[in-house]
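Got chain A sorted already, so can you dock chain B onto it with the hints?
There are 2 protein chains.
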Amino acid sequence: MGRSWPGMYNAIGMAKRKRVAFQGERGAFSEEAAVKLVGGDVVFDPRPRFEEVFKTLAGGQVDYAVVPIENTLAGSVHENYDHLLRYKLPIVAEARVRIVHNLIARPGVKFSEIRRAFSHPVALGQCLRFFEKHPRIKSESYYDTAGSVKMIMEEAPDGVAAIASEAAARFYGGHILKRSIEDDRQNFTRFFLLIRRAGARSGPAPRGKNLKTSLVFTTPNTPGALFRCLSVFALRDINLTKIESRPLRGKPWEYLFYVDLLGSVRDAPIRNALRHLGELTDLLQVLGCYPQGD
Amino acid sequence: MGRSWPGMYNAIGMAKRKRVAFQGERGAFSEEAAVKLVGGDVVFDPRPRFEEVFKTLAGGQVDYAVVPIENTLAGSVHENYDHLLRYKLPIVAEARVRIVHNLIARPGVKFSEIRRAFSHPVALGQCLRFFEKHPRIKSESYYDTAGSVKMIMEEAPDGVAAIASEAAARFYGGHILKRSIEDDRQNFTRFFLLIRRAGARSGPAPRGKNLKTSLVFTTPNTPGALFRCLSVFALRDINLTKIESRPLRGKPWEYLFYVDLLGSVRDAPIRNALRHLGELTDLLQVLGCYPQGD
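Taken in sequence, the protein lines are chains A and B.
Per our numbering, residue 3 is the first one in the first sequence, and the count goes up by one each step.
Per our numbering, residue 3 is the first one in the second sequence, and the count goes up by one each step.
Treat the hints with caution; some may be incorrect.
Same chains, same label: a pair holds when it works inside one copy or across any pair of copies.
[What the hints assert, rightly or not] As a list, the in silico PhoX-like pairs of lysine-lysine whose alpha-carbon atoms are at most 20 Å apart: (1) 214 with 253; (2) 140 with 152; (3) 57 with 90; (4) 211 with 244; (5) 20 with 57; (6) 180 with 152; (7) 112 with 140; (8) 38 with 18.
Keep in mind that the hints were calculated from the coordinates and are not lab data.
Next up, chain A with everything else stripped away, as it sits in the complex (with noise of 0.2 Å):
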């Protein structure tokens, strides 16, 4: 969606530079994200946890949040769904991130100077055929990779590199020695653009084609009831994208499921579907409805 996303100009047609909130340090994939959703034209407001990103947007100090959903390698994050349910901030838009790691360095640096690199250790560990092909460096733990970047430019050690992404290497003024240095070229996460809830709505519905709307519902402890709410998609042929399920914290035997479906909840039929599932849910959810990403 690049630059064009509503609410990016002001009143009186004058470009306004919007607040995103992101879990992380500058130069994170988060920033990458978001710079895909919103353009980069933008004030980023980096946080440390997740449930301040939640926090901050709730409390009208940005515009909106974008926050990691899921990874092709490392499942759901619950953590962030759980704020979803929580803190009723729509979904407007979806984005799909690649995760390439890049060695990068202080401008001027050799590779062949290169003797430790210093990532945080999931980052490290999805580098691991880079340090068997280059036994000379050492792999270092940092707590960020995008902060390990910040690291080398400010302290400057010799023979010492960092791990991260692209945009840290812009942020910092780091030097990238080589590119994509990961195991797995198929690690991609899936992030989400939200905003501040507009009145009593659950989310703008957007018009048009190629929409998907996430939600979450609880099903009571009866057999055949994921079957049954399904079933209300199923007769009216509306295709789901995702589903999964997660136990109920203290409720042993009950489940929360996460689903996405291809349509808008301006759709007769999702409106049909969801009324429907409404009367065989405990707890029923939309947490929002926006273009596919890509």
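Structure of chain B alone, referenced to chain A:
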């Protein structure tokens, strides 16, 4: 199940120490799960990567492997589902381990002396309230939770502690200064115990009550495909305890499904349901049939 797992004793009834592979350092949460699953009288074989854990078991260097499959906050470990599909090592038991983080120091060191606490950034991020409450203690990232205990015991810097499991404190001889300093006590990881495949079978199917079966299947890309697949269980009153979709790599709009159900592949309704499911799916693999864990 403790130490009663069949195969813990050799042909003449003498206790024989089995070998168990897991990912991480000695004292990792996977080791806690292994002790719960096969008892402590085994030889532990820690490996740096999940894939090596599977290879080690497939190659016969160990008798068991213990791997995490899902966490209540962080979701399913898709990488290990991939390895289960590829290596076809049957699941024979499951266990749930609560992730408890403890502040650990060398014996004799007092809590009031601690100024820095080392651990994996994910563990540090789960103890933020502890650091807010004790601002004199600085959090420092390290590549591994258990490894941080090893480091403080060996290098013994002043005023330093580690954050890790009780098993890590025990193994490296550390002293627990504060127990259970994690923010969220609802942090559980579910682990699988795997054995090598005996002959052509997909694993030993246990008899008895309270059994669970885990399977993976893919559906053709047609509307309502999942609904039809779930009907094979609903029509036979078979209860599911997990369902999760995962997009298939390189095949947009095609999905892999993870399903856990209550019952054994020896039960006639489940045998029939699986035969029926085979008609509706492109791929269907039983990952194992095992007693329900606590």
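For each hint, the structure was consulted:
1. 214 with 253: between (30 Å within a copy, 19 Å between copies)
2. 140 with 152: Both ways: residue 140 and residue 152 sit 19 Å apart in one copy and 19 Å across, limit 20 Å.
3. 57 with 90: So residue 57 and residue 90 pass the 20 Å test inside one copy only (11 Å; across, 45 Å).
4. 211 with 244: So residue 211 and residue 244 pass the 20 Å test inside one copy only (19 Å; across, 32 Å).
5. 20 with 57: This pair counts as within: shortest intra-copy Cα distance 17 Å, inter-copy 50 Å.
6. 180 with 152: Classified as within; 18 Å inside a copy, 33 Å across copies.
7. 112 with 140: within (16 Å within a copy, 34 Å between copies)
8. 38 with 18: Result: close within a single copy only, 18 Å intra versus 58 Å inter.
Checked against the numbered hints given earlier, this structure breaks none of them.
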